[in-house]
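J.: For reference, the chains in residue letters:
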Amino acid sequence: MYGGGNTFEGIKTDSVAQEDPILLAAFEAKIERGEKIEPTDWMPALYRKQLIRMIEQHAHSEIIGALPEGTWITRAPGFKRKLSLMAKVQDEVGHAQLLYSAAETLGKTREEMIDDLLNGKSKYSNIFNYPAFTWADSCFISWLVDAGAIVNQLANAKGSYGPYCRALERICAEESFHLKYGHHCVIYLATGTEKQRQMFQEAINRWWAPMMHFFGPSDKISAHTEILMKWKVKMGTNDDMRNQFLDMYVPKIWELGFTIPDSNLKKNVETGRWDYTEPDWEEFKRVINGDGPCNKERIAVRRIAEERGKWVREALKSPSVAYVTPLA
Amino acid sequence: MENIALKELLYKIADDQLILGHRNSEWTGMGPLLEEDIAFSSMAQDKVGQSYAIYQMLHQLGEQEPDTVAFMRNATQFHNCQLVELPNGEYDFSLIRHLLFDTAEYIRFDYLSTSSYQPLADLAGKIKGELQYHTLHANTLIKKLGTATEESINRLQHSLQVALPYALGIFEPSPYENILIEHKIFKGEVALQQAWQEKIEFIISKTQLTLTDWKVLQPVYGGRVGRHTEHLQPLLDEMSEVFKIDPTAEW
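Protein chains in written order, with the working numbering: chain G, 1496 to 1823; chain Y, 43 to 293.
You may find that some hints are simply not true.
What the hints assert, rightly or not - Here are the simulated EDC-like pairs of lysine to aspartate or glutamate, each with C-alpha atoms no more than 20 Å apart in a straight line: (1) 241/Y x 214/Y; (2) 1575/G x 68/Y; (3) 1812/G x 192/Y.
It should be emphasised that the hints constitute simulated quantities derived from the structure, not laboratory data.
One chain only, chain Y, in its complex shape (with noise of 0.2 Å):
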């Protein structure tokens, strides 16, 4: 049973991390500027790298291998949250976007970090270190654009708008929540979820947007479960395009 839980938010986690980290990777050769271009790209082949890491974890734990899970399943296999496969939209969505997983990877990474899941502590350690780059440059340009002019602001405020409630499902119930924390194996999606809502009203509090009130916000769940956007499966096609020629070639 431990085992069964620990896998399942093994998947999600890396699902999270490669499915956002190929949208990232979508803005290479086209970012607003040059240096947002490269810091895209830069978290692409962090969130990807970090992927495949966990992958070779679980791969470890009798699943597949890494390029089999990753390149030759189909979307309802897929454990991400529905936020990370909505396309990137213009950079003011993937902007808070970025901001709303980041900050909630982070935390949830850093909570790992002490797992009592030593491989995973092990790692978890090194991605956190990571991570914290993304967030870094999530907050440095949301308090720029959020304080800018009133395109910026009003850009911000609408992408806010729209995924929050995506967001939201970032922390969707998991049916071995408590099993995970019973065996400090992760503090558990409740947690992670009150951590994250601080730390988002407190960044959002040096802008000029506003945060809806988030008893009012319907959560959009469904991605741990395998139910996903019309977004993923194109995604998924396009990714394996290649890979799919010949499953048994060596590229």
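Only chain G is shown next, with the shape it has when bound in the complex (with noise of 0.2 Å):
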């Protein structure tokens, strides 16, 4: 799960004029016409930047986002719950490796890339250093969060990498089902008990505005990215998928008889757009930094997974390690 909004912050275009000229037309030539760039062929350095930057954030996205449902995979409720929220989120977690993969064919290891995870320097969807205190909250996640990233990857599917677009059309086929079993789960809340319906209010108060921030920043005050759009680096506006997105789903929490806490959202009949309240930018920008409810345990726990596997990692490229003929 991902959404695109902190990735392309100050970015320098600089370089972009000491590329060769006549290998730039080419590039951008192909882009044009719609064919994909492999890792192989020649690009400029920003491109190559760039990706690896939002396909290691995408990664990252993934293996921070199974903390937070994770937890309540132990917890779910009776057996059906519990198989598919087991299955949901191991296939985030494949996701990464997916994605780390993809970035890698762009000369990062995944082991660098977790070390700038750790450290600080790369970052993660920001919706995620927020809590899931109840089974609601997981639900909200399955379902919203889960639809909020599949607005992003679609768009992105039909970005210009080969290999990330590859990864994305299999990761959004798995996110169809993972945004079904949310919707499922939210229904047998939303038509059970008082208390079923009550958490469920209580999940979507808690998590409608880091789900308003998870598009990024407002196009008005978001970083000039015009060559990135011209790349297909970047394949919408974080205001143009987070309109999307209220338009598919503010619908469907309204008929199910859930309220948004913001008085100012309706569809504006003359623009064709959602009206609502301007996200609070500065908290946004306040939790990416570091201070939000989460950031702190969401590293702390990635870090004693690294640390206490660590052995295992390097044991298994030990020259002593028996071979064992593949299983398939």
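Put the complex together from the two separate chains, hints included.
T.: Laid out in structure tokens, this is it:
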């Protein structure tokens, strides 16, 4: 799961002027024709850098995102939910594996990426810095955060870098099952007891602001991204993605009889777009920069997992490891 | 009598699979490398799914609904061996437990695939196919890490020592052993343990690990009759935390 919000702040385009103009023109023409760029193709340094940054952040979001939901696997109510949630979170970790591999084709190793996650150099989706207090919070994530991720990822799957697009196609297919699972869970809460309805309403109240932040800062304040749009690294603006999400899911939330904590939220019949209270971008920046409710905990858990697993990774690289016939 | 014996067998198998599946799922997001994270999550799904199928079979034999059986009993009502309820510990312990338990489970379901109780034989054939991948996974990792570095070998050796007495508890004698054998429902724990020991000896011989003499090991029994370590009840409390908010609600 991933929102494209924090990828594109502050890029420097100066390096593009130093690229070989003939190679650059051929590269841009290829993208213009709708062809994919492959790992062995020539590419501008900025393109490589931005893609590594984006794919890496996406991969980190998958493994960090597994944490708030993962804590509910052991508490999921009943066999069906337990089995589904296990499969869902396993998918997310599998997405991380696919994405780290896609990013590795651009020249950064998985180990380097994980080091950068732990030392704070690279980010992950901001929404996972918020806590999942109740079962209903985990249902909100499975339905609506995954829905938001699909909006972003479907757009990015039409981008220009082959390995990322192919990974995203597989990821989106799996995410669509997550969405069904999440929606199913929410329908049961919505049509259940008063307590269950209340649990989900409280989850919406807690998660609405992070959900609006999920798509990244408003186009009015977000950084200059024209060249990344031209190179099909970024496929839509943050506001476009947010609007698409609202269009698809606000009616569904209302239909289930829940309220959304924004009295200004309504579809503007003249513009065809949604009006809403401007999200608090200062809070967004503060949380991205490490001061959210769960930033420290998420990274600490990840660091513990890495440290506890270090001997396994080192042992598997040892030259004395017995050769075991591959199983498939 | 035959029915009681069958239910006892099914309960202990289902409880084993559920509790170890739950433990395996605790590795989700915490694995030593992504590939192992995914492997343990995958085995968790298989095991919980297998327990669900056996609880359904028990339901057809007159027991309560699977969700009620799994989420509403307390520790003394569970028949799993103590091996599966122990905390995951470090990866070396989880891997050794995975080897010891799944090797036994594969043989158990192989035996059950020819059970005279046809619904069980049919189900066992399917489960055996899943467990084959679990044992392939355990064997592969044990062979690799059991020959790799001083640390990996020492860790596995230590965990093997800790886990073996508990592993023998898998085969805790059943009061219904003879009835199950007589009615050709199951070949029995004694035969299973013998086959298991041979298999474990073979796998360990491919590594730099050593096995304690079986004769000096003291099996840890009690799980099959509801005597558990202090670790099971907290696991069950966590598992049923949401379910018990309102057991009559649909989630």
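J.: Could you run down the list of hints and mark each one as holding or not?
T.: Hint by hint, here is what the structure shows:
no.: 1; hint: 241/Y x 214/Y; verdict: holds, 19 Å
no.: 2; hint: 1575/G x 68/Y; verdict: holds, 18 Å
no.: 3; hint: 1812/G x 192/Y; verdict: holds, 13 Å
The structure meets every hint from the earlier list without exception.
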